[in-house]
Amino acid sequence: MNKKARRNLFFGIAVVFLSGTFLVAMTLHARAQTTALEAGTVAWETAQAVSQSGPALVIPPPKQEPCLSCHITGENKNLWTPLGRWVVFGTFGLFFVFGIYRSASVWTQRKQWVPLTTRAVDWVDERYDIKEPMTKILNKPVPKFALRWWYCLGGITAFLFVVQGITGIMLAFYYKPTAAEAYTSIQFIENEVRFGSAIRMIHAWSANGMIVLCIAHMLRVFIMGAYKAPRELNWLSGAFLLLLTLVFGFTGYLLPWDQRAYWATTVGTDIAGSVPAVGNLVLVMLRVGWDVSEATLGRFYGLHIIITPLLTVTFMLAHFMMIRKLGIKKPL
Amino acid sequence: MSTVNPEQEKDSVPFYPDHIRTEFYVVIGIMVLVVIFGVLGMLFPVGLQAPADPLNTPLHVKPEWYFLALYQILKFIPPQILGIDGPMFAVVTILLAVLAVIFWPFLDKKEDSRKAVRVRFILTVIGVIIAIAMTIWGEVG
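Residue numbers (my numbering), protein chains in the order written: chain R, 240 to 571; chain S, 975 to 1115.
If we strip away everything but chain S, and leave its shape as in the complex, we get (with noise of 0.2 Å):
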């Protein structure tokens, strides 16, 4: 039935029935989270703000959350930079990054090591840190 060889048996799990058990159980938590988020939508309901009005502007406009990082960057753009107008240098410069993060593995080739993985988990943390920073600034001021 099986046509694992010894020597792989020895280091992993099947994936039916082992590996899909566990699997089972992750579910089987995160669907008690939603039961909960479900619960306590009956009791605090998400809400709504007033109807849209497109004459009437709020005083302080924001973006969702996970853009706020990207919006609190851009307000503090100066409106020249080197002659060029600000927000469209800094909106060039986000996309270049996206774009950047997308084909990301077509610009690191290099063979991976330990010290490389050191580098990019320092990279990633300090990073995250400033993303959160920028958001919970957007989010207050």
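In isolation and in its complexed conformation, chain R is listed as follows (with noise of 0.2 Å):
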């Protein structure tokens, strides 16, 4: 068997496990919800039944499943129902849009054949010059001891700080930063929202990947040497980095507004009040007050949406110029 065999029977043995685990977990979702579902129904017919024999009693309907689909008659509403129609129509039109690819790139003068997308390149590099840079950018070479795993770290965590960007707008569009509703937000995400409680899982666990390979990064850096001159710099936005990295950690956790973290922001804020001169001062301003209440909540927010997310992007950019600019240190 050569090595790329080996490698699309990997991928595919990958695939297949995935899509299993997938699959298990799907359907013990959709059984739950439709036991839920059931017993809902059954105790509202059993209580509009004793309405109607006794006095008169507004219950309101159980909770249904969103109908997405309402308007094609006849249809079964399952999960699976939106997932295949996106899958059958997807494939069409992906067939159509190759379709206009390929008659839009038949070339019609006397001239060679060049397909659409280099011709939208070259569109693009006449007006904007960008072939040149680019070319420069894509060419610079990666020395080979930089091959090691070692040196992902710091990339590994700048994913994971994009899978933290994308799964935490997908929250924030349920959560609501209020001491009111807050708790019942959360409980909304994991028990309502679809892939709710998938998305606040691993917004939770990246976060914990996320400061442990930020660590592990800046001790590699440490043990290696990394920091010495000229790369002065590149230690500093990363230590900055890394305080940033830890102030997401702290606002964040107050957010599920739960016993857990109410308390462990109150000793947090605590440890930082007991710093002489400025502590008070400090304490007032992290909890809008004297104690943790829902202004905290909101300035928690804040932070932990706004601006702390800016400062992190502009660091890291600044992070990656400079290693861009001075290369990886050879080790010794």
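Just so you know, these hints were derived from the structure itself, not from any lab.
Source: prediction; values computed, not measured.
All clues stand as given, with none of them false.
For lysine to any residue, the following SDA-like pairs were computed, each having C-alpha atoms within a straight-line distance of at most 20 Å: (1) K568(R) x R1094(S); (2) K415(R) x A1024(S); (3) K1049(S) x S513(R); (4) K569(R) x V1091(S); (5) K243(R) x G1003(S); (6) K568(R) x V1091(S); (7) K1049(S) x R499(R).
Make one complex out of these two single chains by using the hints.
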């Protein structure tokens, strides 16, 4: 068996395994939802029967699956219907797009045939001159000593930051940063939102992974002495990025607004408050008052979703550009 | 096309497509982990404790795990050190340590050597072991 075939086999096994796991999870999820729905329906019917015989009682209808396709009559509204439709129409759509691409690629003049994509790139290049700088960026040689797993740690941290950004935006669609609704909105995400619990799990564990990998990357740089001149500012920006990651963790921990979150924040801000001279000022600025309250929740939410991400992106760009400029340090 | 001189070419790979491909495999691996965590999340959700109640302090109040080591150190500081308030002393020490870490390249300016690398490696291992022990102690105790 040659190398390519083996790789394809591994890839196939991985795909089969993952989709199997996914299917099992989906089935269990769907079954749990169906059971809950059936239980609700039965209770409602019994209640209705009771209300018909007794005094008039207005009972709200049971909670139903949001109907995604009620304009098509007689349709079975299960979990897979929208997905199946996406697959079917998506496949046709891909054929259609491919056909358009091929027809638009046909060159009608007596010139060499050029694919549409190349023509598009040339069109942009004529105007904005992107090819030369892009070639410079893409052709930058990477030293072979850097092809080791411990040189990946920083990159994986950056990738997890992207994962955090995407899942964080997904959670922010449903989360409400008020003392009255924060807890129930998290419950809503976990129980009602499709894939909500999966997204929350990914967000929680990527956060831990980001902190671990950030520290691991820092220790790698420390051991190898890659912070020495002329790379002092690389280290400085990296240290700020670690602090920002910790701020992310600290502010995000309060948002579920349960007992653990509340008291962890109380303890954490207490420690910040015991700094001499500026302690009380820091404490009041963090808590917006002397106690952890709804105002604290709002402040932490703002820090978590606006200020810290902006700062992190800025420092990350600076970090990457400095690495690009100076290259990777050769180990001793 | 390539602006690399032959000497560099021997001990380096081009960023595109060779290095990008390696990075792509790493990203795929992490994505698989992420999807596994997602499936686990659907089976065993992260969950919530009781809603926040400012009037009801739980028995064991703990910060996040990455602050546990520091918290554990703070817990074992005596109330008075050399006539100064103990916790304040500890917090100032930790702040100075953080500042030292941030500005470390400006403190350690010596030419690097293999011996220095070894010393730093051993120091790191000892530090990591202490931090992990403190974290576990904080989690269990």
